[in-house]
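Given chain A, put chain B in place with the hints provided.
Each chain, letter by letter, is given below.
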Amino acid sequence: MSVTGKTAAQRRSDRIEAFNAELAQLARERVLTLTPEQYRHVADYHAGLIARFGEDYEIDRSQREKQLSWGMRVVSFLGALALAASVFFLFHQYWGWFATEAQVFILIAAPLLTLAATVLIAARDRSGYFAKLAALVCFACFVLDIAMLGQIFNVRPSDGALPLWAAFAFLLAYAYDIRLLQVAGIVCISAYIGARMGTWSGAYWLYFGARPENFFPAAAVLFALPFVIDHRRYTGFSATYRICAMLLLFVPMLVLANYGSASHLDLSRENVEVLYQITGFVLSAAFIALGLRLGWNEAVNTGTVFFVIFLYTKFFDWWWQAMPKYLFFLVVALTAIGFLMLLRRLRAYGSRDGAGAQPEAAS
Amino acid sequence: MKRHLLILAIGAALIAIGNLAVLANVAYNAPASPKR
Numbered sequence: 001m002s003v004t005g006k007t008a009a010q011r012r013s014d015r016i017e018a019f020n021a022e023l024a025q026l027a028r029e030r031v032l033t034l035t036p037e038q039y040r041h042v043a044d045y046h047a048g049l050i051a052r053f054g055e056d057y058e059i060d061r062s063q064r065e066k067q068l069s070w071g072m073r074v075v076s077f078l079g080a081l082a083l084a085a086s087v088f089f090l091f092h093q094y095w096g097w098f099a100t101e102a103q104v105f106i107l108i109a110a111p112l113l114t115l116a117a118t119v120l121i122a123a124r125d126r127s128g129y130f131a132k133l134a135a136l137v138c139f140a141c142f143v144l145d146i147a148m149l150g151q152i153f154n155v156r157p158s159d160g161a162l163p164l165w166a167a168f169a170f171l172l173a174y175a176y177d178i179r180l181l182q183v184a185g186i187v188c189i190s191a192y193i194g195a196r197m198g199t200w201s202g203a204y205w206l207y208f209g210a211r212p213e214n215f216f217p218a219a220a221v222l223f224a225l226p227f228v229i230d231h232r233r234y235t236g237f238s239a240t241y242r243i244c245a246m247l248l249l250f251v252p253m254l255v256l257a258n259y260g261s262a263s264h265l266d267l268s269r270e271n272v273e274v275l276y277q278i279t280g281f282v283l284s285a286a287f288i289a290l291g292l293r294l295g296w297n298e299a300v301n302t303g304t305v306f307f308v309i310f311l312y313t314k315f316f317d318w319w320w321q322a323m324p325k326y327l328f329f330l331v332v333a334l335t336a337i338g339f340l341m342l343l344r345r346l347r348a349y350g351s352r353d354g355a356g357a358q359p360e361a362a363s
Numbered sequence: 001m002k003r004h005l006l007i008l009a010i011g012a013a014l015i016a017i018g019n020l021a022v023l024a025n026v027a028y029n030a031p032a033s034p035k036r
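Protein sequences, first through last, are from chains A and B.
Numbering-wise, the first sequence is residues 1 to 363 according to the numbering used here.
Numbering-wise, the second sequence is residues 1 to 36 according to the numbering used here.
So here's chain A without its partners, still in its complex pose (with noise of 0.2 Å):
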């Protein structure tokens, strides 16, 4: 068997670990019992796999190891933050001191040794936390050197400083599996695609954010790169790439739906208001529906919320000054007892239906 990644090496350990209880269990209720000979045959084999991907991804192989590393991975990502921090007003506590030339070195320097270091640490940190603390701290040191360096020579602000940030954070994501960094990626990278629409339909780029239209082209793309690109390799990318996608999404229409105004259609401020209202509704269900068919949890979940969030603003709408609070709030608590049987029937007719959907691999 081939292990192409640490995603995979752990998920075959996960499946392992589930096959002994079960087991084990069955042994116990007498449903099935193999001959010593048999069971040392899988548990050697079992116990070569796991030791082979302990060698060589650090893998967690107990639930206590597991809880560990999650609790690594919080540490690491406060650490990152810390560290980036300190940084930050180092350069600032002693700025003034060093003379143009100087700073200009030191904020080209950071970014190459923090990258140097990055690839350093990866080469021997097996676990990746290292890596991935240090990657973040590179990240920030690139994104610094280019807004300072703006800055001291008063160089007028452009958008074109966001793909160049959205490639490095992608590099160091797909390279050492940081989807903190794939999300920096995903915000600067659909901020560039945000501004260049808010630029084509004539306003100043920094305004792009008035029209909330200009952040659909940014939810297509991002929803259509898990199509494009294989990502089975990588931890919940895809899942990332689609929830971002939603937001983009489902934000500014929720924004259109109540200020209509902020919209580019030619149409009156009501019609857009409705126009998004019902579009709203519409695809929220669709992606329900989409995500069901295909095992998308994370789609199911965003679906859910925001067809929630529409049904709320609009019951809010229609009835909080004209009915008491008491009703307003059981019509509420109705609906949402009606949405969580709706749930459980539709839960119900998937596990009729062979188990649902099974889960993409890649998330």
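Please keep in mind that the hints were generated in silico from the structure rather than gathered at the bench.
Nothing here was measured: the structure is a model prediction, and the numbers come from that model.
Keep in mind that a hint or two might mislead.
[As the list claims (entries may be wrong)] Label pairs and their in silico Cβ distance ranges:
hint, chain 1, residue 1, chain 2, residue 2, range
1, A, LEU68, B, ASN29, 51 to 61 Å
2, A, SER86, B, ALA16, 47 to 57 Å
3, B, ALA13, A, ARG156, 36 to 46 Å
4, A, VAL87, B, ALA13, 45 to 55 Å
5, B, VAL26, A, ALA336, 52 to 62 Å
6, B, ALA13, A, PHE98, 20 to 30 Å
7, B, ALA13, A, ARG269, 43 to 53 Å
8, A, LEU68, B, VAL26, 45 to 55 Å
No residue lacks a Cβ here, since even glycine has one placed at the ideal position from N, Cα and C.
Coordinates of chain B only, in the frame set by chain A:
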């Protein structure tokens, strides 16, 4: 090792492009030195 070097090279290239773009912008927009 080859993979790490490739990541280092691409990363360094991106950093170089970013910095050169800003510095080129500065040089292009700098006022010409006064003639005597």
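Evaluate the given range 43 to 53 Å for the C-beta pair formed by ALA13(B) and ARG269(A). holds (48 Å)
Please check whether ALA13(B) and ARG156(A) have a Cβ separation lying inside 36 to 46 Å. With a Cβ separation near 25 Å, ALA13(B) and ARG156(A) fall outside 36 to 46 Å, so the hint is violated.
When you take the CB atoms of ALA13(B) and PHE98(A), is the distance between them in 20 to 30 Å? Because 27 Å falls inside the window, the suggested range holds.
Distance restraint evaluation - VAL87(A), ALA13(B), Cβ atoms, bounds 45 to 55 Å: violated (22 Å)
Tell me if the beta carbons of LEU68(A) and VAL26(B) are separated by a distance inside 45 to 55 Å. For LEU68(A) and VAL26(B) the Cβ distance comes to about 49 Å; the hint holds.
Look at the Cβ atoms of VAL26(B) and ALA336(A) and judge whether their distance stays inside 52 to 62 Å. holds (58 Å)
47 to 57 Å as the expected CB spacing between ALA16(B) and SER86(A), which holds or is violated: With a Cβ separation near 26 Å, SER86(A) and ALA16(B) fall outside 47 to 57 Å, so the hint is violated.
Is 51 to 61 Å a correct range for the gap between the Cβ atoms of LEU68(A) and ASN29(B)? holds (54 Å)
Hints 2, 3, 4, counting from the list given before, are not met by this structure.
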